[in-house]
Each structure stands twice: as C-alpha cells, then as structure tokens.
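> Sequence:
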Amino acid sequence: MSIILISGTHSWDGTRKDWWSTDSDFTKYLESQGHTILDKDRPFVWSTRIGGVGFGDEDLAVWKAAGINLYAYLVPPRCPDKQVPGKDVTIISHSHGLQVVLFAAAAGLKINTFIDICGPVRKDMMPIATAAKPNIRRWVHFSAGRRDRMQWFGTLFDGHFGIVRGHPLAHQNVSVKDADHGSLLRDPAHFSKINDALKPN
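Just so it is clear: in the sequence shown, position 16 is 16 by the working numbering, and no numbers are missing.
By construction, these hints were calculated from the structure, which means they are not laboratory data. Remember, it's a predicted structure, so these values are computed and weren't measured experimentally. Be aware that one or more of the hints could be misleading.
With a straight-line cut-off of 20 Å between C-alpha atoms, the simulated SDA-like cross-links for lysine to any residue are [what the hints assert, rightly or not]: (1) K82 x I68; (2) K193 x Y29; (3) K199 x R137; (4) K17 x E31; (5) K110 x G86; (6) K82 x D39; (7) K40 x D18; (8) K82 x I3; (9) K110 x Q172; (10) K17 x S47; (11) K87 x K110.
Label pairs and their computed distance ranges (CB to CB) [what the hints assert, rightly or not]: (12) P188 x D59: 35 to 43 Å; (13) K177 x A72: 36 to 44 Å; (14) T130 x Q83: 20 to 28 Å.
C-beta atoms are modelled at their ideal positions from N, C-alpha and C, and glycine is treated no differently.
Let the sequences and hints guide you as you build the complete structure.
This is how it looks when you write it as structure tokens:
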C-alpha cells in the first residue's frame, strides 16, 4: 500500500519537518508495518496557510488551489502513464489538510482509503465534501477529546456549525478522547490506531 501524507495548517514553511516528513517517527512506523510512502523523497507539499477566515468563497481559495494541485500530483494530466489509479490511492491528512483532500476529490480525484485526523468540520465546506464523497470509497474521520481546541478554532467563520467532532459525511468516525490535535500523528502510543484504520475493509 502506498500512502500520501497531507500536512495540516502551519506544518510546512519550506524547511520545517513534522509528522509527514521522511524521517519522522510516524513515517518510520508506517514503513515498519509494511506500508510504502508514495514519492517519499518528494512528498506533496502545500502552503499550509490558514484559510476560511474571510467572507465569501475566496477565503477557501488556499485550500482549493492545494486540492487542485494534489489532484495533478496524483493524476498528472500531461503524463497519463504516471497517473496513480484510484484503487491505489490511500491518503492520511491532518487538520485543514482535510479541506485540501476534499477539494481534490470534488475535482475528480479517486481515493480508495482516506484517513482524516482531526479535520475541522466546517459548514462552508459541506457542499465540497458532498461533491467529494462519491469519489472516496472509504473515509475514516478521527477526532480527539476536549484538549483539541485547534479543531474547534478551525471551524470559526464557517457559517456556522459550532463544535462538531465527528464528520457527518465520513463513512466511519473514531473518537480518541485522550488525544489532542496532533498527538495521533506525533505520539507513538497512538500510531497503531491509525494503522488499524488502514487495514482493508
């Protein structure tokens, strides 16, 4: 299984290394479980700038642009021989990386398994999520407990749902009460939960 790792807000600045990096504890764990990281030495990167804090559709543009680029990363329009078939696309995203993946799937990217870690559930993204879902065979949404204030902050200016931990459109919701916003991807004690979700279903 080849896995694509999609970083969350403020997780990439051109130099910073995080859970999605080549030599992170999480990446090493996935490899120890027999998984392969797609293009490990040239991972998909996006600005990881915050979006969704303005008014109108333009405030979602940073996520939309990243989603379009993710689609082209996996299905390059000028190189059909390099396209990754949907049955081989497995994605793990963190935080607002969720919105990037949803825009990619809404644009046409076929995804076999999508593991979404603590993605903020936003009202203004529901039309995109609705359009994306038919292209996602299996979507597992992980949420943390009350210590995850970032997921709640990520819903501000969305129109407005309030605090929603589970995603209403995911095929499966998994709640990990003792986790915070990033510990599922940074604390080895939690890694096996994600590996379990990656198993064929």
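> What are the numbers of the hints the structure violates, in ascending order?
none
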